[in-house]
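Number of protein chains: 2
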Amino acid sequence: MEVFVSAIAATLTTVAFVPQAIHIIRFKETRAISLQMYVAFATGVAFWLLFGFMIWNWPMIVANAITLALALSIITMKLRYG
Amino acid sequence: MEVFVSAIAATLTTVAFVPQAIHIIRFKETRAISLQMYVAFATGVAFWLLFGFMIWNWPMIVANAITLALALSIITMKLRYG
Numbered sequence: 001m002e003v004f005v006s007a008i009a010a011t012l013t014t015v016a017f018v019p020q021a022i023h024i025i026r027f028k029e030t031r032a033i034s035l036q037m038y039v040a041f042a043t044g045v046a047f048w049l050l051f052g053f054m055i056w057n058w059p060m061i062v063a064n065a066i067t068l069a070l071a072l073s074i075i076t077m078k079l080r081y082g
Numbered sequence: 001m002e003v004f005v006s007a008i009a010a011t012l013t014t015v016a017f018v019p020q021a022i023h024i025i026r027f028k029e030t031r032a033i034s035l036q037m038y039v040a041f042a043t044g045v046a047f048w049l050l051f052g053f054m055i056w057n058w059p060m061i062v063a064n065a066i067t068l069a070l071a072l073s074i075i076t077m078k079l080r081y082g
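So the sequence lines, in the order shown, correspond to chains A and B. With the first letter of the first sequence counted as 1, position 2 gets the number 2 in UniProt numbering; the numbers rise by one all the way through. With the first letter of the second sequence counted as 1, position 71 gets the number 71 in UniProt numbering; the numbers rise by one all the way through.
Mixed in with the good hints there might be a few duds.
[Unchecked claim] Derived pair list, reagent style DSS-like, types lysine-lysine, alpha-carbon separation capped at 30 Å:
| hint | chain 1 | residue 1 | chain 2 | residue 2 |
| --- | --- | --- | --- | --- |
| 1 | A | Lys78 | B | Lys78 |
| 2 | B | Lys28 | A | Lys78 |
| 3 | A | Lys28 | B | Lys28 |
| 4 | A | Lys28 | B | Lys78 |
It is worth saying that the hints were derived from the structure and are not from the lab.
My request is simple: use the sequences and hints to build the entire structure.
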């Protein structure tokens with residue numbers, strides 16, 4: 001049951017960033033996006049990834065690696081579109 | 001060491017949403033923000049909160065309760081400012 005709940009949670013908090021990335025790719029506009037938020041968030045996700053390796057939990061490693069990639073792509077687009 | 005890494009991770013991925021909320025409050029503009037992202041993310045955080053209660057881990061409960069409140073406030077502002 002705990003595995004089931006955490007799997008739903010990890011999936012949702014990871015895939016959530018896909019519509020945000022698509023939104024930016026489509027509209028090429030990021031004024032309302034906070035760069036500080038994504039820098040802090042990406043750093044935090046990198047620590048969750050490290051934690052996943054430390055406790056060797058592969059769903060945590062996979063979910064955080066994908067979230068980190070999505071957050072970094074949003075940062076790149078924010079820096080590009082301003 | 002694992003507690004230390006997870007505490008840093010939880011703090012960063014929670015406080016990250018503060019500058020985003022402040023950014024919206026200041027500029028009253030949310031066009032670049034994806035509503036779909038925040039709905040999926042808030043739902044995922046609610047599941048992480050439930051998971052925190054199931055394994056009775058209070059830092060996880062506190063961090064996710066704060067993140068959920070911040071995500072819901074961003075959704076409210078997105079619905080208001082469009």
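Against the structure, the hints:
A distance of roughly 19 Å separates the Cα atoms of Lys78(A) and Lys78(B); the hinted pair therefore holds under the 30 Å criterion. Only pairs whose Cα atoms come within 30 Å are accepted, and Lys28(B) paired with Lys78(A) is accepted, the gap being roughly 18 Å. Using a Cα cut-off of 30 Å, the hinted pair Lys28(A) and Lys28(B) holds, with the two alpha carbons roughly 19 Å apart. Restraint check for Lys28(A) and Lys78(B): satisfied, since their Cα atoms lie roughly 18 Å apart, inside the 30 Å limit.
When the structure is compared with the earlier hints, no violation turns up for any of them.
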